[in-house]
Structures are given as structure tokens and as C-alpha cells.
Amino acid sequence: MAERKKPKLAVWKFSSCDGCQLSLIDCEDELLAIADEVRISYFLEATRKVEKGPYDISLVEGSITTPHDIKAIREVRKQSKVLVTIGACATAGGIQALRNFKNVKEFIRCVYAHPEYIDTLTTSTAVSDHVHVDFELRGCPISKHQLLELLNATLNGRKPNVSHHSQCIECKRNGVVCRMVAAGTPCLGPVTQAGCGTLCPSKDRGCYGCFGPMETPNTASLAAHLKELGQSGRDVQRLFRSFNANAEAFRKESESHG
Amino acid sequence: MAETRTIKVEALARVEGEGSLHVKVRDGKIKELHFGIFEPPRFFEAFLRGRDFREVPDITARICGICPIAYLMGASQAMEDALGIQVTKPIRDLRRLIYCGEWIESHALHVYMLHAPDFLGLADALELAAVDRTLVEKALRLKKIGNEILEVIGGRAIHPVGLKVGGFYKAPKRKELRALEDSLKWGLETSIATAKLVGGFEFPEVEQDYNFMALRHPDEYAIHEGRLVTSRGLDIPVRDFLDHVEEEHVPWSNALHGYAKDGSPHHVGPLARYNLNYDKLSPTAQAAAKDGGLGPVVRNPFKSIVVRSVELVQVYEDALKLVRDYEEPDKACVEVEPKAGEGHGCTEAPRGICYHRYKLDKDGSVLDARIIPPTAQNQKVIELDLVKVVEANLAKDDDTIKWRAEQAIRNYDPCISCATHFLKLEMDRG
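The listed protein sequences correspond, in order, to chains A and B. Take 1 as the starting number for the first sequence in the numbering used here and just add one per residue. Take 1 as the starting number for the second sequence in the numbering used here and just add one per residue.
Next up, chain A with everything else stripped away, as it sits in the complex (with noise of 0.2 Å):
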């Protein structure tokens, strides 16, 4: 009997560090179930065959900061029925991101003995800011879980079940204690997506903001209080300037700061 046509899945890498596709091999006990229902055609982290397009699902990790890049992307939306970026490289720029505020110029200097061989942009963006995306996938890294809901409800012609509600509101279901009320840590829980299973407070240690700005997120707020807690706006600036530092409402806040 000839095999079932299974659904292509493709996953690309531009800047990045590669932990957001690892999350895909992380998958050890669903790894070869998705195998099951999933073509890989493309995946040069795991495999070396390589199959053309289209695709079915194309999951894009890294961020846009050479010119080749653009024109890559454009291509990988042309052979994709769903474009899904995954994680804070890919959604908002990552932290290369952090170029973005500065003299690449002097980056490169920095860096490289040889800047004359080194080609890339200015800034480092999110896919989005190219072309159209599908879905996004919050994370500095995604949470696998979420990855394994967004496979599924892709495959099954559903809308992935993921929140945008604050880490507060994660933090209050699970019963973490409050670092903020309790012991004045600075915390960027108020403002940022909840999905990485609530691991900062549970550590004892403030939210850093790795899935990036909730849906509207009162960030003046939350620097006045960090304000209050002792923080300077240097500070401030750099709680909002990290991983999401691109992301919209992060990177207006750390402007009104330093």
C-alpha cells in the first residue's frame, strides 16, 4: 500500500544560536511520533537531506541582519503554506538586537580585524518586519510545549491554544510567592507573555522577560515602580534591553530611560 502523503515540514535557521530548532530534538519522547505524521523535507540541524518545496509548515528561527537574508526569507514565504517564526530572535530580533541602538559601524570594528569582509545590516529584525508570518512563538527559548501544541493544531487545522496574559497571572494560578511584594526584586512579570512555565519566580529570582511584551502591557507602570524599588533608569533601560529589547513596547520604554 502506497505511504499516506504526510504533511512537509521545513525548519530554517538565519541569526541565532540555534536553541529554538534544538527544542524540536529536545522533543526526545514525541521526536519520532511527529516523524510519523510529518515529512522532515528540511531540517540541516538534524539531517542532510534536503527535499524542495513547497513546504506545508515552515518553522523559522533567527533574525534578519544581512542583506542575503531578505531576499532568503522572501523565498522561504514562497515555498510555505505556514510560516511560523519561533522564538525572540525570529519575533522580535533577538539580543543582536542590541546593534539596533548603537554604530554598527564600530561594532564591526570591535569585533573583526578585517571589517571590509564582514557583510551585514545596521539592524537586526524580526521576520515579521519583512514578511508575512502565520504565527509567532514566544521564547528566548520556546517552551516545547508550546511547540508540540502549535504542531498539533497546525496539523489538525486548528488554532494553536497559546496566551497572551502576563507572568503575574501564571505566577497567581501556580501559587509562586510574588518576588516583586515580597522581597522587592526587580521583575518584568507584569509586562511579559506568560508560557515558559513560571521558572524565574520559582528560582527565587525576577522575570527577565524572555517571551517578550504581553498584549498591551502597561511598561510605564512597571519602570515607575522599578523606579521606586531603587532602580536607576540605567537600570531600567537595561531590564527592557535584553533578549525582546526590538520588541515594540520594550524598546519604547528603554527609551524614556538611561
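Please note that the accuracy of each hint is not assured.
[Stated by the list, open to error] Covered by chain A, per the in silico footprint, the following chain B stretches (three or more residues, Cβ under 8 Å):
no.: 1; segment: 56-70
no.: 2; segment: 118-125
no.: 3; segment: 148-158
no.: 4; segment: 196-202
[Stated by the list, open to error] Taking lysine to aspartate or glutamate and the DMTMM-like style, the derived pairs with C-alpha atoms no more than 20 Å apart in a straight line are:
no.: 5; chain 1: A; residue 1: K227; chain 2: B; residue 2: D52
no.: 6; chain 1: B; residue 1: K138; chain 2: A; residue 2: E30
no.: 7; chain 1: B; residue 1: K175; chain 2: A; residue 2: D204
no.: 8; chain 1: A; residue 1: K71; chain 2: A; residue 2: D129
no.: 9; chain 1: B; residue 1: K173; chain 2: B; residue 2: E327
no.: 10; chain 1: A; residue 1: K159; chain 2: A; residue 2: E37
Just so you know, these hints were derived from the structure itself, not from any lab. For glycine and all other residues, C-beta sits at the position ideal for the given N, C-alpha and C.
Given the coordinates of chain A, assemble chain B onto it according to the supplied hints.
Okay, now just chain B, sitting in the frame of chain A:
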């Protein structure tokens, strides 16, 4: 008539990141061979300037999703060196345990999912699963146990959140770690079987007289501390690393090439550690090496898969002991206060030594950062291996050469994301 041939591997698979290989052959001889890293630059050393020293471990972790502990810990140790503080023994032991978790995850991934398919003539581990699903399920469990160590101590496997300058945010409960004991026992047995299994593969006859460099520790198989030693007799503290290693920027790579200042490229990673620290392997790991067909000296880079399996035995055994001996510390971290200074840190990432140096201002802001990851250091020896491998296979067709060259590169488990600051094969036969 001059015959020329070009072989290209445009995007190397089963490595972390993006790399390429260009080979130019004229009249049956290699004229030019460039191993390039085209992963775009991310400028970590530039944007770290002005950040608070406490932020650096979490930021540098984002250099690599496969070996974040190497960055979290190397940066933390460098800061501790700059601030003149020392961590307590329980913190040191917990650091070694979480590092064992990273080695287990990374080595199991590379041995079974990335490297073994080459020896079996398969494209990937999924093709292997089609032949032997039970074996791949075992491999995945072997890898998963490493991630479980990372999760219990660090909160998550990729970019764990529990580590900081001075130690940990919160120490795990004794019962949380003891719950891993049965899995670790299974992992130790399975690693021993793995060394025997991969030791039975066929290996191309390639040997090189490498200048190995690794950390060496008097009491243990060095992972997270020690002195830097080489097979040519160098024995230096970590802080002297830059006196002996230089980086060069070549036009075909976005990764700086690291090399020893005496002009000889050095080789870092499992083979280096094994050759320099064989006497520090446990009797169980030495027995596994023997079962895998290895003596105390291994100079065939293709046998790195066996060495990684032997190291899996070592770290599974170490992790089991650390878990059994674990007592919850009174304090999960030592207090740190900012001050001006310069600090150095170096640990054994799964793919070799990863060096950090920072200069701090008196308020704890970073003035200057320098990070030399393992793959940057290995680029030159990878090129030397490729010359040998391509030369030995020149009579074969381009596809065969490509696959063999890719395999030779994968011997190093190159982490291209780290090194960029990686593979297309481009073979020009004219």
C-alpha cells in the same frame, strides 16, 4: 591538459549553525581549501560593553543553545576571578553536576543523532529509526536524562535560569536530585554499551600529529576548572591563555581562526581531553574505552565518536556520584559586590575549551569582553584534516567526497553559531 575540479558543500548539515567548504583542485592536487563560517556576526563582544557584570552569564548563554552552560559558567567564573571571590565546595559540585547534564545532552545528541548516521550511510537519525526504532528510542532517552539534570538544577534545558555569578539562585531539593538516580544508573549502563557499539564502526585510516589543548585537573577529569595544558608541554593558568593563543580574521569566514602563537594550530575537544587526561578517566570509563577499541592515545579524528561515548560513561558515573552525595547547601551562592578588575574563565564545553575575559569598571559595568569559543579554535585543524581526507578520496566522485568531507567536519561536533563570530562544500576542479 590541465584538469580542474571544484567541489562545494553549500550548507553543511547536522552541525549547529551554518558553514561551507570550498575546495579547488588542479591536476589532481588540492590548490586551495577553505572551511568557511557564513553564520552572520552577532557582535556579542561589542554589545556586552556597558552591561552589568551580573547580566553577562545570561546574555552570553545566547551565543549557543546547545552549550549554554559553557557560557553561563565561563562568564560567571571570569566575573568571580575579576571580583576576587571563590565559591564553596557545594556550589562547585552542583556546577559540575549541571555541566555533566550538558555533556550528556550534547554528546548523546552528537553520537547518535548527528554523527552515527555517517558511519551507517544514512542521512539522519530518522532513517536509523526506520531500521532500528528501539535503538533511537534508547538514544533519545540517553539524551533526555542530561536535559533532566539541567531542568532540575537550572529550570530549563536550553538557557537555564538558575545560575548566576557566585553560584545559583536556588539550590535544588535533595529528593528532586535523588529522583534521577535510577535514570542515571540506566544511562551509565547504556553509555558503556554505546562505546562498544560505536567502537565497532569502520573508521577511515587518518592520523594526525595534533597539538592537543585541554584543561587538566589534579583530582578529576577536567570539565569546569583546571590548568591549560598541551601535548607539546605547555602548562599554564587560564589567565595566561591569550599569551599563547591568537585569533586571525580570514576573508572566507565570519569566525575568527584561533591558533597557538608558536604557529601550530591546536586541537580542542574530546580527542584533546582524552589524550591529555586519559589517566584521570575512571576505571569504568577506561574499560569502556578498551571495549570500544581505544588505547590511551587516539589520533584518528573519526574515532572522536568513540571518545565522546567514553566521556558519556565518565559524566554519567560522575553525575550519579554527585547526585548520591548531594546535600542541600546552606547558601546557594556567595555574595558578590562590584569592583574594578579583570577576570578570566575557561571551561570544557562539550566541543572543547571556551575562554572568556572581561574588564570591569568600578560600578561593575563591562568595559571590554573577549570570548574565544571552541569551534573558532578548531577551524585550522579541521582544514588540515580536510586536506588529508579530500586528498585520499580525490579519485572518487564529488558526492562521495562531499559526504566524507562533511563527516570529517562533523568529527569536531562544530558549533557554528558559537564560532561566528560555518558549511557550504565548494569543490573547484577547474
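Right, here's what the structure says about each hint:
Counting residues of the segment 56-70 of chain B whose beta-carbon sits less than 8 Å from any beta-carbon of chain A gives 8, enough to reach three: the coverage restraint holds. With 3 residues having a Cβ less than 8 Å from any Cβ of chain A, the segment 118-125 of chain B passes the three-residue criterion, so the hint holds. With 4 residues bearing a CB less than 8 Å from a CB of chain A, the segment 148-158 of chain B meets the requirement of three and the coverage assertion stands. Counting residues of the segment 196-202 of chain B whose C-beta lies closer than 8 Å to any C-beta of chain A gives 0; at least three are required, and the coverage claim is violated.
Restraint check for K227 (chain A) and D52 (chain B): satisfied, since their Cα atoms lie roughly 17 Å apart, inside the 20 Å limit. Distance hint between K138 (chain B) and E30 (chain A) is fulfilled; the C-alpha atoms sit about 13 Å from each other, no more than 20 Å. For the hint pairing K175 (chain B) with D204 (chain A), the CA-to-CA distance comes to about 19 Å; that is within 20 Å, so the pair holds. Between K71 (chain A) and D129 (chain A), the direct Cα distance comes to roughly 13 Å. Compliance with the 20 Å bound is thereby established for this hinted pair.
This hinted pair checks out: K173 (chain B) and E327 (chain B) have alpha carbons roughly 8 Å apart, not beyond 20 Å. At most 20 Å may separate the alpha-carbon atoms for a hinted pair to count; K159 (chain A) and E37 (chain A) meet this at roughly 18 Å.
Of the hints listed earlier, the one the structure fails to meet is number 4.
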